[in-house]
Amino acid sequence: MTTVSLTVRDYKTDVHNNWCPGCGDFGILSAIQMALASLQIPPHKTAVFSGIGCSGKTPHYVNAYGFHTLHGRVLPTATGAKLADPDLTVLAVGGDGDGYGIGAGYFVNAGRRNVDITYVVFDNGVYGLTKGQGSPTLRKGMRTKSMPAPAIQDGINPIALAVGCGYTFIARGYALDPKHLSGLLAEAIKHPGSSFVDVLQTCPTYNDQYTKEWYSTGPEGHSRVYRLEEIGYDGVVQDPSDEGEIIARKTRAVAKSYEWGDRIPVGVFYQVEAPTYEDGMAAVNPRLGSTPVVDLDVEHRDVTPLLEALR
Amino acid sequence: MTTVSLTVRDYKTDVHNNWCPGCGDFGILSAIQMALASLQIPPHKTAVFSGIGCSGKTPHYVNAYGFHTLHGRVLPTATGAKLADPDLTVLAVGGDGDGYGIGAGYFVNAGRRNVDITYVVFDNGVYGLTKGQGSPTLRKGMRTKSMPAPAIQDGINPIALAVGCGYTFIARGYALDPKHLSGLLAEAIKHPGSSFVDVLQTCPTYNDQYTKEWYSTGPEGHSRVYRLEEIGYDGVVQDPSDEGEIIARKTRAVAKSYEWGDRIPVGVFYQVEAPTYEDGMAAVNPRLGSTPVVDLDVEHRDVTPLLEALR
Amino acid sequence: MEPWDVTWLIGGPQGSGINASAEAFARACVRAGHRIHANIEYHSNIMGEHSYYRVRVSDRDRTALSEKAHVVVALDDESLFGDSHTPYTSWKGHVPQIVPGGAVVYDASLKVEPSRGDIRWCPVPYHQLLAQVLREANRESDALRFRVMENTIAVAASLALLEMSPEWLMAVMRDEFRRRPDAAELNVRAVAVGFEYAKERFADHFPFRLPAPTPPERRPMMLRGIQAAAIAKLKAGLHVQTYYPISPATDENVYLESQQGHYDLVVVQTEDEISAINMAVGAAHAGARASTSTSGPGFALMVEGIGFAAMTEAPGPVVFIWQRGGPSTGLPTRQEQGDLLFALHPAQGDFPHIVVAPGDTSEIVEDSYESFNWADRYQMPVIVLVDKAMGSTYVTADDLHLDRLPPIDRGVYAQANGRRDGYERYALTETGISPRSVPGQEGLIFWSTTDEHDPKGHISEDALNRLQMVDKRMGKLALAAKEIPASRKLRLYGPDEADLTLVGWGSTKGAVLAVLETLAAEGVTANFLQVRLMRPFPAAEVAAVLKRAKRTVLVENNATGQLGQLIGAHSGIGMDHRLLKYDGRPFLEEELIDALHEVLRAGAPVQSVSHLLG
Amino acid sequence: MEPWDVTWLIGGPQGSGINASAEAFARACVRAGHRIHANIEYHSNIMGEHSYYRVRVSDRDRTALSEKAHVVVALDDESLFGDSHTPYTSWKGHVPQIVPGGAVVYDASLKVEPSRGDIRWCPVPYHQLLAQVLREANRESDALRFRVMENTIAVAASLALLEMSPEWLMAVMRDEFRRRPDAAELNVRAVAVGFEYAKERFADHFPFRLPAPTPPERRPMMLRGIQAAAIAKLKAGLHVQTYYPISPATDENVYLESQQGHYDLVVVQTEDEISAINMAVGAAHAGARASTSTSGPGFALMVEGIGFAAMTEAPGPVVFIWQRGGPSTGLPTRQEQGDLLFALHPAQGDFPHIVVAPGDTSEIVEDSYESFNWADRYQMPVIVLVDKAMGSTYVTADDLHLDRLPPIDRGVYAQANGRRDGYERYALTETGISPRSVPGQEGLIFWSTTDEHDPKGHISEDALNRLQMVDKRMGKLALAAKEIPASRKLRLYGPDEADLTLVGWGSTKGAVLAVLETLAAEGVTANFLQVRLMRPFPAAEVAAVLKRAKRTVLVENNATGQLGQLIGAHSGIGMDHRLLKYDGRPFLEEELIDALHEVLRAGAPVQSVSHLLG
Ligand SMILES: Cc1ncc(C[n+]2csc(CCOP(=O)(O)OP(=O)(O)O)c2C)c(N)n1
Ligand SMILES: Cc1ncc(C[n+]2csc(CCOP(=O)(O)OP(=O)(O)O)c2C)c(N)n1
Ligand code: SF4
Ligand code: SF4
Ligand SMILES: [Mg+2]
Ligand SMILES: [Mg+2]
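Residue numbers (this note's numbering), protein chains in the order written: chain P, 20 to 330; chain X, 20 to 330; chain E, 7 to 620; chain S, 7 to 620.
Because the hints were derived from the structure by calculation, they are not lab data. Any given hint could turn out to be false.
Once the Cα atoms are required to be at most 30 Å apart in a straight line, the calculated DSBU-like pairs of lysine-lysine come out as [to be verified]:
#, chain 1, residue 1, chain 2, residue 2
1, E, Lys478, S, Lys98
2, P, Lys31, E, Lys478
3, E, Lys553, E, Lys495
4, S, Lys478, X, Lys64
5, S, Lys495, S, Lys553
6, P, Lys209, X, Lys159
7, X, Lys198, X, Lys31
8, X, Lys31, S, Lys478
9, S, Lys98, P, Lys150
10, P, Lys209, P, Lys198
11, E, Lys478, P, Lys64
12, P, Lys31, P, Lys231
13, P, Lys31, S, Lys98
14, E, Lys556, S, Lys553
15, X, Lys31, X, Lys231
16, E, Lys488, E, Lys553
17, E, Lys556, E, Lys495
18, P, Lys164, P, Lys231
19, X, Lys31, E, Lys98
20, X, Lys150, X, Lys231
21, S, Lys478, E, Lys98
22, S, Lys556, E, Lys556
23, X, Lys150, E, Lys98
24, S, Lys553, E, Lys553
25, P, Lys159, X, Lys209
26, E, Lys553, S, Lys556
Keep in mind the model is a prediction, meaning the values are calculated, not measured.
One chain only, chain P, in its complex shape (with noise of 0.2 Å):
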């Protein structure tokens, strides 16, 4: 067993990364190998899970169980690991192509189980991988450098949509400020429930409406992108069993993540403690609440009951 404490290294791999130079993926690579040595949690006992984009990559940048499985099929892979051995901490990352349009349908679904993994979507605007095609939240108007018209389609707004798909815990983060983001990954691995962080990642090969530069330089010249903390936004339910605050503190999410342009917020927009779906399956059978269902013995079981009741 590990007793040394772990750090930022221990999640490291040695595998040459080949994200453009100046990538925000770097950013939340980062992030998430700090979130992890923060939370402690060992290697061994994580598995990072993605979809298929540059983002994608990312399981073999992450000393972790790594599976870079199929695009848009993310969240029902990482789902299943988590069901097998809810001892297993669950990420699941992945582009926002990846995520709100050919995943969308199980972007909407997870929100509704809850179970208890962090999905981190890396959003650029942009289909990285492919060559630069507008993405599901790039709004209409917007052009990038690789498009050949504006885009006619308007772009979705993920924390609304994260809002009424019922996730428990549902944030914003900014790539290019991996401290803060850490903490963000960090609260949303420790919610237990399906969490959600929305990851504004600049693609400098790509997106060159929404780059450093444009986040980091609003009209007066400070950061566009500032913390929800700071104007005293908190998003976390007080008291879970209050239908009303509930309503309240969701509507008022929604509210805040149309709020875009001069100022962009970042944080933690919702939170809410809330069963999971393990809690549901553990009420059906309270072995699973105490142990993974891969580490219970079923190679002894004795079915002689069910075929009596045929008989």
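Since chain P is already given, all that's left is putting chains X, E and S with the ligands on it; use the hints.
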């Protein structure tokens, strides 16, 4: 050409209807037929698309071009037909499982696309045709009579979701008030852009929670369902160029959509006039703005310039 | 005792309780010591469309349904004469199916013109008799609630014709309603009343009967394929089952779901089949025995997940395809064997997976169980190809012989060697199988990707590595071909040499075995090659049998003879005749024998088989 | 003039502009009157991984790439000697590929140990020369922006070795930068400087040269398969193209997207491939010629849509699969012919669809175009099976012969008969084809459903109707088999009788045709059976050829010989030898000829072909 005025009868077929007696679907079917009649849209100019489920059988009962497609795929299919021939009035209908479960990804992305179609979800809380499993709108802890145990996943909030996706017309109706519903549907059809109407539908066979009796008798004896206009709620954005108004109305729609139980609002939660996908197409190629692409002469295309460009 | 064989049939609108009635009848027969073979035909509809349930009762296990009906119990008009509410229909009701001398029991309140003089018409006033039962019990006010008891009366009436003691059905009723004694007693009473009514009026000298019972020492099981599969899966140590509702797979899933409190098992209803398979792949990678069950339209959404599992060498999942009528949504509640070729190449590129197609209950048990061993041992997905007919047909069975199953084998595990990065999840080995690890283990961290990858599981586009990895993956399939015993791959029934060699797979096995006997009685020697393992395909073994064959007849429940194509692809041997049934119903015994007679007579190379029974 | 044949190669990190440089070089060659065959190899990565571009230049059209490099232009170290940043690699750089006497041009600032004495090492100070160019133009401050001009210098240097006048490249630069005259002039200057530098130092007596040009009267086109397909589709009257981005199909989609302003065409980027195909089906039903283009992983999501289109007898869509390395995500930017069997049975049940696999540019044009006629005429989806190699390989072509294409044929339309409900969209006809209507027409309203349905398009589970509808649908496939001319189905190249019969399909055609000549020169008579129509499969025609064959050799760019399996399934004929290349790269001419020599020598039945060139 049809010159006499069209009546509800003109939208009926003599196909044997095999919905269960008392099914809420009958109310929605009538409302659709009434709405089409009220707008005097000729049957042959109308195309009704559906997914798979009890609700999926709807097109067979409507005298209009009818496409009973695949489970969860009604939106893309309807979109394809509309973009090919924008002169058609296109209705997409389907179940809540169809739309928010297997079709959730298309629900999300059709919202941001804002093609001029109307999407009507038959929201009965169950998977009817597969014999009553809980659907994505069934709330955590609920248990309909065909379920072995209460739901351990939460229900999504369709209205809030639709706001986050970018639908430009968002309403809720009630199947057992076909007259009011037909008014909503007529508004939805007239609205230029993606209209979405979630219809509370009773399923007397499987959903013994949200029954006709439950809806019609609240704790104080009168109907739980009330109309938004009754309380002076107006979801329509007055100035579509006013980002602030849009956000305020979206937020209010979300807040209102969480009202449930003793009082359940129906009506238009949100509406805004915004350029459609078709407008976007016309901006790229003005001919597409005036004539359906299927009616343009593509049989005599001269591709010589493309060949010359390769020399 | 003389062999005997009676088919009883009940028809009525969907939702009118014919399932319960037919199963109660079948259970009564099993209690009485008879053997049954029973299945339902119904529409993709909740209430109203015509459905019917055939119960073939015999002194021994019959392996197919018969088209002959000796007694028909009709709950409505349509059951008698068919339906006129759709313009395009060939369906003429069940009356034409009754054998001469047979009988039809129907509601006396229906206005019926007896259309045949050679059968017995037995009008029974269901409603009045029920009213009488309720009146006696002072439950008249519950008439609506107990309306379904009219069925009990109808079934009981049919017993009288068949000279079967009502006691067996009464016992079933008591059992079924053991938690509601009042309902039990009402039903018992209904049995008595219905029975008496018919006995007095219609039963004299009825030519068909269920002979006096000799109840067996140990009552056999009455079970369906979906139950056999589910129980075998539990026995195999299934940890995680994911599913999205779909006919006809739902029943297996619901059965497993209902066991979650009793067995340590996670069953998840997902948002679609894409989610179902990927969740299962995730669970398999995390160490679970994982499975998902679906039918064609659902499997169409699982194909990318099959490629995912194969590429990342996941130990599973085991995917059950309960085939139904295709293509597309097709005939959701009907029978077909139309997904074989699809299941064999269900995704892009070349990759390994196993496809097995059991042909009867005991093979369902063996294959459902063993598939998990294969998945773990060869680290690949396994498809079990079953169908609606075998899933929903009730048969009698004395024992499932679970004790004869091989032990659970989870394949080769890796041992940590102490070095932080020493472990290669995709190590190149002689067999192609790399010792695997399961997340959570120290020192055995691995990576995996659906991209081509190196032994560590990291992306690699290197040409040599690519060749090694393709060879590794495909090599595992060759290994499986070597290791899986011949008895699991195929079987020849009947004499080694024969005039006619029938070739088939899956649930048509039952019909074929049934007609082998008839043919033998007619002096035609015939044997039957059942192909069971579809991938890796036992090409040499199949070819060996077919090369000896004089005249081959392919029998399949699909339109294009898919097994025939598969055999051709691997052995280059074509079939002399193809009997294909694709009307959405399973082969009835008479349909197959008639078609074979036709083959013997006229010898058409391809023949569409159907007696158009509705 | 003597035949000549030179391969020029440029290598460097992804994102460093090698595409533009190689294409500029190729264009210069074409302007000079040479013929080219050129393609790129690159990683699934945006920046940094090694990529390289081969341009084979010759006096006539070559149909495959050669593994020999006469001149290598290296933009980085890795291009020379390979890479050490991944632990599992066989890649050793391009220097080993250079023919004796050949040359490598590289950055003088690299520390290079010339590892071979038999080639010419040509260090060129890219950076300094560029600085000089910029200095002369007073643009030193733009050094960063113009960094990619180092490539121009490198390419120009290579021209000097090959004795090709720099004028051609200069003309290309002027053309390319016609909207930025300053950049044009800088590049022209860079060409001059690079050329001069190398001419002075390295060009003497270089043994390989591009002979003095004879520019043709009309400059030929230089085009890739994706362009040929897209143009043919436009010519065919494509109304709606839907797509989801994926390698290597994106290029076709982006090309069409860029034409939306010029042609009346709707191109929609969807949220995934499920949406893409269903949108296309919806558009087809609404009267559009609709298409979607993808590769294996995307097609895995389209299979239910194929069944949908087939079941509802939609007139299309036409689905292009630009195959890439599988399985699963596989090798996204590499070559494979691994999706044939998948494309043939891509969904549950038996249903009709057409699969065609063109083998070169002119066949791409014909098949892309004709597929829309087939879709309309037979009312079924059509799959065009193409691949990365043919999609991205640049060839020279003088004419696409669009004037020789048959007219657009939209199939049979119905006429309204005045009765409100007289129209049967799925009328049973002799051919199986029902006159269709298009939404918007009065009197021709129809219904359709993915469930089995009656002639009106309403759900039907009737047995007879079912048989009629299956026969109707499958009958259309038989009709297509009858009507499609033999020339579109298959072709035999070379003598009718031969010692060796090579069998292949798709883009391997080029390599096979290339080696036929070599074999002939060696005294081996060989012919080549190209199979083009995969479904309906021309079984009799293929069998006729193969039965005459003395010794058959299957040549496929996949691991399991998928065409071989298909031929076996339909004709029962096995292949004597199978040469399979599945390293993710197309057959290079030498790889195939070596493998054939090996077959002639040792005669192994299966051989994995790869020279492991990276
Ligand atoms: C089914 C499928 N369709 C398409 C692709 C091609 N593809 C690879 S990555 C990608 C999009 C990447 O965009 P995003 O998810 O935003 O990730 P990013 O690269 O921006 O991090 C696509 C479409 C695929 N791999 N699989
Ligand atoms: C791909 C696929 N999966 C599953 C099914 C089976 N199926 C048919 S209808 C249905 C759900 C119906 O529920 P809903 O959409 O809510 O419609 P309702 O019947 O309640 O109107 C399902 C799962 C299918 N037809 N296709
Ligand atoms: S393309 Fe964009 S997202 Fe992808 S690695 Fe490069 S900078 Fe990052
Ligand atoms: S099952 Fe429910 S939704 Fe379906 S027809 Fe019956 S009542 Fe209506
Ligand atoms: Mg992205
Ligand atoms: Mg529903």
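- Hints broken by the structure, by number, lowest first? none
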